[in-house]
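J.: One-letter residues, chain by chain:
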Amino acid sequence: MGFETILFLALGLTAILSAAMMVYIKNAVHSALFLIVNFGCVALLYLMLDAPFISMVQIAVYAGAIMVLFLFVIMLLGAEQATDAGGQFRWVTGAATVLAVVFVSVAVTMALIGLDLPESEGNDPLLRVVHSANLVDPVDITVTGDNLDEPFVIDGLIFADVSDFVTLTAGEYTVTFTDAGGVTLEDSITLENDDIITAIAYGDDATLGVLTTPIDLSPTSPSTARIQIVNLLDETVMLVDLGSNKQLDVDTGEINDRVIVEAIDFATTSETFDEREGTKTFAFYTQNGDELVSHVRLSDWLVAEGTEQLIIITADYGATTDSLGNYRPRVLDRSQESLTINAFEQFGSPKDIGNELFTTFLLPVNLVGFLLLVALIGVIVLTRPAGLRGERRATVNRRRKVSRPLVNVISQQTGRDVIEDVPRLQEPDSDE
Amino acid sequence: MTSVGIEAFVALSMILFIIGAMGVLLRRNAIIIFMSVELMLNATNLALAAFSRQWGNLDGQIFTFFIITVAAAEVAVGLALIVAIFRNKQSINVDDLHQMEG
Amino acid sequence: MLNLVQMVPLVVFIPAIGAIINLFWGAKLGVKGSGYVASGAAILTFIISVLLYSYLTANHGIAQVVDPLPFFDGWIRIDAVDFAVHIPWQFRVDSLTVVMLLVVTGVGSLIHIYSIGYISHDPKYGLFFAYLNMFLGFMLILVTSNNFLMMFVGWEGVGVMSFLLIGFWWDKKGEIGWQNGNAARKAMILNRIGDFGILMAIFLMFWTFGTVTYYDAGEVANTCFQLEGAGYTLPTECESEGHGEEASGEETEAASVEEGEAEHAETGSAAEEEHATGEEGEAEHGLVLSEEELDNSLFYPSQLGVFAQAERLLNLEDGEEIAWDADGNMRGRDVQLGTWTLDIKTVVTMIVLFLLLGAAGKSAQFPLLVWLPDAMAGPTPVSALMHAATMVTAGVYLLVRSNVLIDGAPEAQFIIAMVGAITALFGGIAAVGQWDIKRVLAFSTISQLGFMVAAIGVGGYVAAIFHLATHAVFKALLFLGSGSVIHGVEHGQHHVHEYGRGHDADDEHHDDEFDPQDMRNMGGLSRRMPVTYITYLMGMLALSGIPIFAGFWSKDEILAHAYERLSTGNTLESLGGIIVLATLLLAAGFTAFYMWRQMEMVFFGKARSKAASHAPESVGWMVIPLLILAIGSIFVGFINVPSGVGLSWLFPLHNFTNFLESSIPSITIEGAGGFIWLLAIVATGLAVGAIFLARSLYGHGKAIVAHDSDALGVDPLWNMGGMTRMLWSAASHRLYLDDLYHAVFLYPYERIGYFLAVVLDWRFFHDYFHNNVIHRGFNAIGTILKNPVDIGLIDGTVNGVGKLINWFSGRTRRIQTGFVRTYAIAILFGVVVVIILMVAPVFMNGS
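Protein chains in written order, with the working numbering: chain A, 26 to 457; chain B, 493 to 594; chain C, 111 to 957.
The set of hints was computed from the structure by calculation and includes no laboratory data.
Treat the hints with caution; some may be incorrect.
Stated by the list, open to error - If you want the footprint, here are the derived chain B segments under chain A, 3+ residues with CB under 8 Å: (1) 516–524; (2) 540–547; (3) 562–575.
We put the beta carbon where it would ideally sit given N, CA and C, even for glycine.
So here's chain A without its partners, still in its complex pose (with noise of 0.2 Å):
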């Protein structure tokens, strides 16, 4: 038996007893105080459940202003003493008790032995696999492991294919490509709790490989989304965004574009970068010398905000070879999953709860301004003072008669004089 639970267990306790105190005790004031201690050891209990916001917020909101207008009422009505006098329906305190007894047996239960929750140790690594490289379609992979009972089997992957994503538990795998041809290739990995892992098949029939690259999928910064390169290609490249003109400029020797990334090497993968949002025109090329040779381009690149990009270029093996025997290079865009997993480093901080606050449910913080307004005003209608607005509204009505043009409209329609027929309105608070 842990701090914690001993910590939960005071605390809840606590709470319980204010609570019944309250419900129980004849002076109001005190009922109010022990509200208080209730809403406190829950704002306590908040904390233990990651939830230091909201605990901040029922401390500052119910326990301060909410009591506090609370304990004004009491006073300002002198009810602290108000009785509970009264002789209806006696027959709702046994009634009460009964379903209380039935409701907390019930629901006591049931969350004790009816929530058969799995308990949050982080997530389960991620994998997929991506197939360029060089080997007959369609491809076979096959994943084993010591955590695996028996191993797990993506069927009849293409060139420029990629799996979805398999959740496996920690541990060590082995991934192996099986090609039509009965080549196989083969790659041990290891993977953690929260591993987001793409293994990639490459290369030509000479340098067949297997390349591992893990994403990183903690927030982008505002308006940008990050992009990652892999070179399957073998050749060292280069990333250059042609701006609008679609174009490479060259001018007096220097290209004029801006060059995104100087140089990825063969079977590498460039750090990731933080490319802002739009529609893009990036090229891949090489330096030979002062001849810079073209690989491929990525026409009217969508550059999402927030978005995970993996842009892997590899020779496209699927087709056929052109006139030299190259192939020609090609993109695999695998930006198209979008996943989101758990960043437990900063869950429920205020940072995070405002952040869903302005995007996903601005609208209910824009209706909850609202109506807070609403209960403003209703607030100051309710409680004007009686007097005062009698006497307004007796002058009122002594000002107010019936609207002239439509005693003329009715007066032209019936050919007599309506005003005598028309009765004056009473006075509603007359009769006090």
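Fit chains B and C to the supplied structure of chain A, relying on the hints for placement.
T.: Okay, now just chains B and C, sitting in the frame of chain A:
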């Protein structure tokens, strides 16, 4: 993280909820009844926060936040109502208010 | 990177500003101010066009695409799940666009200036200048767009402006105003038929290629040209595109090309000697672009524009497939069109034919040409600007722009050649029979547009654009000259009214009868209006194709292209070539004939009316443009001097072809028609002969022959009687084409209209059906509904339901105790029941 499971939090929340409900049913003082309602809301919030942590989904906490906000508005209006009723009836005993009888 | 080419949106923006100013404040500015604003806008666009031209020449003619609104992410954008439409509002600056820009804004500016003088007596001058500027803006959208849809916006815009300006004087009193409005409607309706073609072409294109863009940004239109410019070895397909000129025994010509174009030849031979991607370029530029950068192979075909996609598909073998898009889809020649599977060539032929229909509407080609003569009802500057120089050439521009598609559809190209040839001859013949000075020019315009379309039909795209440019200059000159004549005759008429004697006091009546545009009322104006006369003569000579003048060079190039077609060895092409050659030579003869007939009637001989004898020379605003255009008519032909004429020491040869090469893939310098002496001599001989024939028929004061049948006199040809009279009558009745349309389309339409309106609607529907069926039927049904149904059934039901509810609510209202706590316990009871229901399954499962 915490060794206390969600079941304990949910059970606690249930107990607080039923205590609040009993308060509503058994007391006739309108202010106490109102405070009991707040207690019930609070119990619900606790359950929401517990589930939120369990599934690592922030929506529970967001909802809690909204409930607190709405409760604030509700308290303001409710207390104003009580004040208005008291002004008319000189009483806050809910059993005295049965004009809406059918 | 901001550079000069980014200015291109201004060419649309500036006329728009001018139009808005004139539309709202034109009346306050006064005629001069209004005219200055409009002309200023036109001249500014001209200056921008010149700047764009200089930019393009400095950048080796590499086309630029300008997206003025990049932030809006396209003009039309639909992103559905499996379907995406993305049509940007993009401007394209390439050589073809720049040529059109220069023609439109250059001639347009002069006509704007001329209009200041011409329109000064009309109270609607503000509106007039606003329309002119709006027209200019739309025309510039048309020529600068980078896709067919944006082009269509300009196309429709100029159509609307044409409608408004033809009917500009719709409010004239009496029959004339009515006729003006009719002329406008006629133009509108016939253009709608053409627009149907354009729309169908656009739909087909979009269906087939998924895009309507000409060439996307970063795409290269003429790969061979750009490879050559960058010093690469040319692939074999580039060299074989010589239009088979070598076969026609023109070795000497080819040699002279190489002499004249020494620089060009040097580059070519250097490239042939060795694989020379390096040294030369390296010394100049440092980094060198790879070959793929220039031949579009870095794009998937689906990312390319319409033309490049069509080219790739057309080059495929049967059953061959190529990688099409980034998703790895393949595509072959087959196009799925509804339930049909068509070959790409069939689809391209359909597209070209639909485009031809559109071009026929706008450019007044056979059989949609009947609106253009009537369009002369508009003010003369409008006739010059829109219905001669610029708008009507939009069809020619469209066809030249679609040259890749036309090259891929030889059958359609043959039809284009036929349409052009028929139109050229039709216009030439009909012009002989006209009395109205502007109508002669209108038929002449039709004829010359036929020349251009025929040129496209024989593969002479540059020749067509060349003729378009020269024609714009001299036809604008002729129209403005005729406007000057009409203006003068009208002034003479007013002069006679004010000072003359022997007329009735009833001036209005006289105005109706006197037609200042009728050539029978003119004569001898060369003495009264010397400047107009001289400039008109220049224009007339240019139009007739007399050597040195502009028309000679462009017309000769068209004929040369047709001539070269004879020796390609392809039956269809040879047939097209010979028909076009024969027809155009004949039409050229007619051109010289009717133009000299007009000269005789207007400027020579004696004045045939008092108005003509008092006609004054026009004012400066009108004369200056005439002079500038007259100079242009002489010299503008020298922009594309062909090889072999011996002028290489004076002018750069094939300048124009050179310039246009970057935007028209199929042409090369070698393929640009050389000068063919035989053709030139025959054509010139025909023209001179026709002039002498006209001189002998109409000269020496015999231009109009007095005759009993017409008070104003008759044509000498008619007077000759017999066959000649019949032919002349046919010409004067526009070869009965209008009458044919009236009989085939209008008459049945009127009959159907009468039947629908009078017989069906009025007599049957109103008189019979309304009174007997509807009225009586309603009466009968109403009687039934009233008594048994309404009073018995419905009232009874309603009252019964009311009583039932009353009884029931009296029982149930006791549940409402009014005590809050009873409600609360009911709720709690419900909660407990719900929770038990939720929990029960869990317990059942035994967990």
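J.: Would you mind marking each hint as holding or not holding in the structure?
T.: Checked hints:
1. Here's how the stretch 516–524 of chain B fares: 7 of its residues keep a CB closer than 8 Å to some CB of chain A, so the rule of at least three is met and the hint holds.
2. For the stretch 540–547 of chain B, the assignment as covered by chain A holds, since 6 residues bring a beta-carbon within under 8 Å of that chain's beta-carbons and 3 suffice.
3. Coverage of the stretch 562–575 of chain B by chain A holds [criterion: at least 3 residues with CB-CB distance below 8 Å; count 13].
Violated hints are absent here; each numbered hint is respected by the structure.
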